[in-house]
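K.L.:
With the hints in hand, could you dock these two chains into one complex?
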Amino acid sequence: MIAYPKEGLNIRALRELAEAAHDQHSITEEEWTAINKAYPDPFFSPRLFGRIGFGILTLFVSAALAGILLMLVDFDAAGEIFLFMALLSFAALTWFVKNKSHFHSGIDDMLLHTGIIYAASGAAILADEHVSSVGIISPFSIIAGGLYLVAAFVFLNRIAALLVPLTASILIIELFPAYQNGMLSEWIIAAIMLVLIWLARKVQKAPSPNYKAEAGFWLEMAAAIGLYCAFNSQVVKDLSGSAYRTIGWFIFSWAWTIAIPILYLIYGFTTQRIAYIRLGLLGCCAIALTIQLVVHPVSDETMMVIFGIVCIITAAFLIFYYKKGNSSRYSFDPGTSRHLPDPGLLAAFAIHAAHQPTTTSPQNTEFGGGDFGGGGAGGDY
Amino acid sequence: MALSVFERLMEEGLISAGSLEKIREKEKPGPTSLHWEWRSLLYLGIILFLTGTGIIIYTHLQQFGYFVIIGTLILLISLSYTYCFFVKPPFSWSAMASPNIWYDYSLLAGGSLLVLLAAYLQSQFNFFGSSWNLDLFVPMVMLFFTAYYYDHRGILGMAILSLAAWLGITINNATAFGLNLLNEPDVIRTLFLLGCGLIALSVVIGQNRFKPHFQEIFHQFGIHFAGVAAVAGVINESKYYLIWLAILLVLAMYLMRTAFRKKSTYYLVAACLYPYAGLTYIFMENWTKSLHGEPRIYANLGYAVISGLILIGVIYRLNKKITQS
Numbered sequence: 001m002i003a004y005p006k007e008g009l010n011i012r013a014l015r016e017l018a019e020a021a022h023d024q025h026s027i028t029e030e031e032w033t034a035i036n037k038a039y040p041d042p043f044f045s046p047r048l049f050g051r052i053g054f055g056i057l058t059l060f061v062s063a064a065l066a067g068i069l070l071m072l073v074d075f076d077a078a079g080e081i082f083l084f085m086a087l088l089s090f091a092a093l094t095w096f097v098k099n100k101s102h103f104h105s106g107i108d109d110m111l112l113h114t115g116i117i118y119a120a121s122g123a124a125i126l127a128d129e130h131v132s133s134v135g136i137i138s139p140f141s142i143i144a145g146g147l148y149l150v151a152a153f154v155f156l157n158r159i160a161a162l163l164v165p166l167t168a169s170i171l172i173i174e175l176f177p178a179y180q181n182g183m184l185s186e187w188i189i190a191a192i193m194l195v196l197i198w199l200a201r202k203v204q205k206a207p208s209p210n211y212k213a214e215a216g217f218w219l220e221m222a223a224a225i226g227l228y229c230a231f232n233s234q235v236v237k238d239l240s241g242s243a244y245r246t247i248g249w250f251i252f253s254w255a256w257t258i259a260i261p262i263l264y265l266i267y268g269f270t271t272q273r274i275a276y277i278r279l280g281l282l283g284c285c286a287i288a289l290t291i292q293l294v295v296h297p298v299s300d301e302t303m304m305v306i307f308g309i310v311c312i313i314t315a316a317f318l319i320f321y322y323k324k325g326n327s328s329r330y331s332f333d334p335g336t337s338r339h340l341p342d343p344g345l346l347a348a349f350a351i352h353a354a355h356q357p358t359t360t361s362p363q364n365t366e367f368g369g370g371d372f373g374g375g376g377a378g379g380d381y
Numbered sequence: 001m002a003l004s005v006f007e008r009l010m011e012e013g014l015i016s017a018g019s020l021e022k023i024r025e026k027e028k029p030g031p032t033s034l035h036w037e038w039r040s041l042l043y044l045g046i047i048l049f050l051t052g053t054g055i056i057i058y059t060h061l062q063q064f065g066y067f068v069i070i071g072t073l074i075l076l077i078s079l080s081y082t083y084c085f086f087v088k089p090p091f092s093w094s095a096m097a098s099p100n101i102w103y104d105y106s107l108l109a110g111g112s113l114l115v116l117l118a119a120y121l122q123s124q125f126n127f128f129g130s131s132w133n134l135d136l137f138v139p140m141v142m143l144f145f146t147a148y149y150y151d152h153r154g155i156l157g158m159a160i161l162s163l164a165a166w167l168g169i170t171i172n173n174a175t176a177f178g179l180n181l182l183n184e185p186d187v188i189r190t191l192f193l194l195g196c197g198l199i200a201l202s203v204v205i206g207q208n209r210f211k212p213h214f215q216e217i218f219h220q221f222g223i224h225f226a227g228v229a230a231v232a233g234v235i236n237e238s239k240y241y242l243i244w245l246a247i248l249l250v251l252a253m254y255l256m257r258t259a260f261r262k263k264s265t266y267y268l269v270a271a272c273l274y275p276y277a278g279l280t281y282i283f284m285e286n287w288t289k290s291l292h293g294e295p296r297i298y299a300n301l302g303y304a305v306i307s308g309l310i311l312i313g314v315i316y317r318l319n320k321k322i323t324q325s
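So the protein sequences, as listed, match chains A and B. Counting in our numbering, the first sequence runs from 1 upward without gaps. Counting in our numbering, the second sequence runs from 1 upward without gaps.
Bound conformation, chain B alone (with noise of 0.2 Å):
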């Protein structure tokens, strides 16, 4: 049925022959792909056993002894970078596609485990010193290495929050959702100018030929980063909310800028809610102040219908322009 759609597009010269044929070629009755199923079992079954193993590591270090652990935790890295090695295409700095199925996990479990080896031998031996976080930097340089030698994403992310995380930004210290470090000032800059240079390093990458493919990437951590940095200043910095709120204004307009090159909802809407974020709260806590009571929450559920509603008008409007354009 699908082929007489195509037939008629043919037709009305909107398709080639050519593009016809090659329609007719895979309308042909075949076999059923499994291929996401099975997939996801896989990665259902690599999950489940990394994290069990990690946990059983955990839980019974004193009757495994140091050394087995150690020597378990090498043992399976290096069978996953050996493997990887010795499968993967020839190394090129534009993307290399992935020789098979099982090369993807490998080297993301073999990646796992590096950072879980590097934080077991901290945490035991202090092995990397307590100076200049070693035990966080080492594993990030292995990890762009590994991200960049493989063409792998996944671990670049890794490789992207480990540089966070040897910055001083970690979101795991048993705060609500881990985020409270982030009303110390210090934190909050330092995760802007992360992701301020993440963003400059996106662009910088884009317009040369290593790895451009990794462009999109670094851009995306930079631009949340920066974003949740600068909602924080206007959140935690009092002092400094306007210059923070300036800040997001500025990062909404490259948001904008980027939505219209790339013709893209997602940026859109990111340039459309930081800012509000940020000035929902500034409304809230600022400037209905001098208000008590009853007609400071009248005022801020007021707030939020007039602007929910202009925000949606405004999201509408550009998204058709985007798409118009």
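Chain A on its own, in the form it takes in the complex (with noise of 0.2 Å):
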């Protein structure tokens, strides 16, 4: 289920579409301004400013709220209060989204936000409270992790997508503590994170058109990180010295800290998907951080000197490599370089108004068909 309509979700994909033939000089300012009148923004977007402005703004309101109600009980049923909040925002984003059309807005990011980091405070107060010897992490974690993956895909929220693979690692290491000389704990957290891109992976793949690609995008890259951050801890770990480490498991986590970005290079060039290449060197800069960390074999300084000419001959190279047109797979063309929606959605968009006469939709039709049947690719558009 998402939270928004899906006639309106296409119109958004063609205007994303517009913008960037717009942005690309593909169309001229006349026609861009046509389908802006034609296909006005069904939802309510301001653009970035806008967006972090009405989010510190209900921030500000959410949590000067929530201090009243509390100062009235005298902090006495914070837990209660945090879940009333919790309701209160919930209920809120609902109206927004449903009667203001709010889609991203900043404030509706922010209830969304406040609304689980109240929900899963306040259930953790109150399971401190009256379970004993629960504690406060692990049922924060659970909650906010639950709801972190309904709001990702029920409201695509990117943030909420990238911070599930966060709480389920949080809630890993707290509940494993005494295995964590073991490594028990790396070892789950690894497992986690496999099923977390093989479910994010399935999700993107589903038939389009895909609403919850992008959500199911951002789970697969933040589950990635977390696989690579998994073992790559524990060297970290042993820089402390704070546990022990036999020398099969130090090989093991070097291994996995090197191997990884590499796999995920190798991945990303052969499959063409530019996320794991930026995985991918973000991970050699982890490494070269990693080296430096734990073994030190120079000066920071001067490890930040020898990196820095490390990427810049690499990148030399490769720009060089590749502006002399030599693969015939990749480009330095700034030009190629472009994000598109999901084609299923623009599917859906051609199929709708090729059934349409007129560009503004008549009541009681939509994709597949609605109350009419038949003008739609059937299933859920």
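Don't read these hints as lab results, they were simulated from the structure. You may find that some hints are simply not true.
With a straight-line Cα cutoff of 25 Å, these simulated DSS-like cross-link-like pairs (lysine-lysine) come out [said to hold, decoys possible]:
| hint | chain 1 | residue 1 | chain 2 | residue 2 |
| --- | --- | --- | --- | --- |
| 1 | A | 324 | B | 88 |
| 2 | B | 263 | B | 320 |
| 3 | A | 100 | B | 321 |
| 4 | A | 212 | A | 100 |
Non-contacting residues of chain B with respect to chain A, defined by C-beta distances greater than 10 Å in every case (computed) [stated by the list, open to error]:
| hint | residue |
| --- | --- |
| 5 | 127 |
| 6 | 190 |
| 7 | 325 |
Here are some of the chain B residues that sit facing chain A, going by a computed Cβ distance under 10 Å [unchecked claim]:
| hint | residue |
| --- | --- |
| 8 | 32 |
| 9 | 273 |
| 10 | 304 |
Here a beta-carbon is modelled for each residue, glycine too, at the ideal position from N, C-alpha and C.
P.N.:
Have a look at this one:
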């Protein structure tokens, strides 16, 4: 279930596509204006700074209201107050989305995240008060993780998708503290990250139009980072000398630290998935950082200079290589790098438009035929 | 698939056949671009190299000797500037296209090292003397010249910051966020005047043919210098806080006008948040002063809830007006 009307999402996809064409000067200013007029944005989605402004103010109001309520009960019933604030946030969120057509407006984003934090905090405080030895972190992680997962796919929220692997990792570390020296928690985290990657890829491969694909993509990326961190963290932990490691585990952790970024790079290049190429590059920086943190072969500033030179030489070589057109699969042309909406959404739009005599939709019609039957590709759309 | 959408848009008469042809051309399968990735890697490399070099110089002053350091800096600056001089496009008072990827980075590195050299010469030899802040003035002039001659917005930003520093506005005084210096009336007023000057300059620049594309940079620095100074004035100049509040409201009106003229949510948010920050401080510090303990906290929290909701409503309505205008 998605919180937003699918027809609106299709029009939004069309607008994104037209905007990309406009940015690349493929369509004229007049044509872009005409498309804007014919297909106005069905949602309230201010630009970035508007979003930030709304977000700050919503947080301000929400925190002040929670403060008043907490003071009214002398901070005695914090758990209940947080749960009440969560309900209030979710109710307000639903109202803004349903009645005011907010879509990533800053207000709905902030209500969603504060709602989740309130719900998880409230539940954790109550669990800690009423159930012995459960603590706060475990219930917080479970509730927050579950809600983030739902939020990622219902409200198509990227940040929520990114936070799912993080909450899962915190939960595992909290649940298996006694086994940390045996690295059990790291194995479980790695396994969970693999499951999340698999799930996220399944979501992305769902039949078009796939509205959840973007959330799935961000979940996959976050899980891929989590997978790398699972054992890389062991190497960094060794630095502090807080945990004993056998030589076998030490070698394994180092191999993991170095191999995963390289694997990401290889996978990215062979499948032309730029996101994995970026992750691989990020991982390579993490390798240098880890070496410096753990082994400390040279001073920090010398390492910066060395790694800086390596980056410059590598980038220079690759730029010259790709500029010469040596590769048929990759280029250094700035014009070909673009973000396009899911083609399935565009297909849905095309079908929708093809069966529509005017640009404004008459009542009781929708993708998939709506009340009239026919006229669509079936299923959801 | 995108093509079918554009074909449909053409049938609806929203785009021309020529535009569709252009889109068709661009939609042809081609190589994937790694432009952003390699540029980022290069940028990271340059930043790491320059930062590392800077720290090495700073921490090994004695071992290297002054003249080795000065010589190296001059050599690097000369290399950067010489390279840019030979590859730059012919000078023009309008925007100049960057000839290649190295040009921007090389210029940025040269400009940064120039500031570093001036600071080093001053700290070690008092090279520029102790009057008129020449150690800041000279690199500032050179940065302005570089920005205009080579047409570089990043360098222009550095030059404007140098100008602020030359006027005595520094934010790196090892205080909390470096902003404690803004509690001095002279600094606040200077910053405000500088902000107003930059705004005025941006208006002039926008109306003539001398690098009119720099207008936005001057304007951005101007409105934020003026806004931050006015809020600092409200906070720190308790005698004149109403005057500063009036200034904030005038600034807000100007920003609002700009927001409607440019259809910009960014200016709209700035127009609302700067006076709101000042007003909130006045309410919480001055107007609820007579209350003590819990009542004061309730009043302040109540103000935050009500004013926040009102402001959300105001921005919401204004934003709609802007997008519909």
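K.L.:
Each hint should be assessed against the structure and marked as holding or not.
P.N.:
Hint check results:
1. At most 25 Å may separate the alpha-carbon atoms for a hinted pair to count; residue 324(A) and residue 88(B) meet this at roughly 22 Å.
2. Using a Cα cut-off of 25 Å, the hinted pair residue 263(B) and residue 320(B) holds, with the two alpha carbons roughly 10 Å apart.
3. Among the hinted pairs, residue 100(A) with residue 321(B) is consistent with the structure: their alpha-carbon atoms are about 15 Å apart, no more than 25 Å.
4. In summary, the hint linking residue 212(A) to residue 100(A) is supported, as the alpha carbons are separated by about 22 Å, within the 25 Å threshold.
5. For residue 127(B), the shortest C-beta to C-beta distance to chain A comes to about 25 Å, beyond the 10 Å cut-off, and the non-interface label holds.
6. With a least CB separation of 27 Å from chain A, residue 190(B) remains clear of the 10 Å interface cut-off, as annotated.
7. No Cβ of chain A approaches the Cβ of residue 325(B) within 10 Å, the least distance being about 14 Å, so the stated non-interface status holds.
8. The beta carbon of residue 32(B) comes within 5 Å of a beta carbon in chain A, closer than 10 Å, and the hint placing it at the interface holds.
9. The beta carbon of residue 273(B) comes within 6 Å of a beta carbon in chain A, closer than 10 Å, and the hint placing it at the interface holds.
10. With 10 Å as the threshold, the beta carbon of residue 304(B) comes within range of chain A, its nearest partner Cβ sitting at about 4 Å, so the hint holds.
Every hint from the earlier list agrees with this structure, and none is contradicted.
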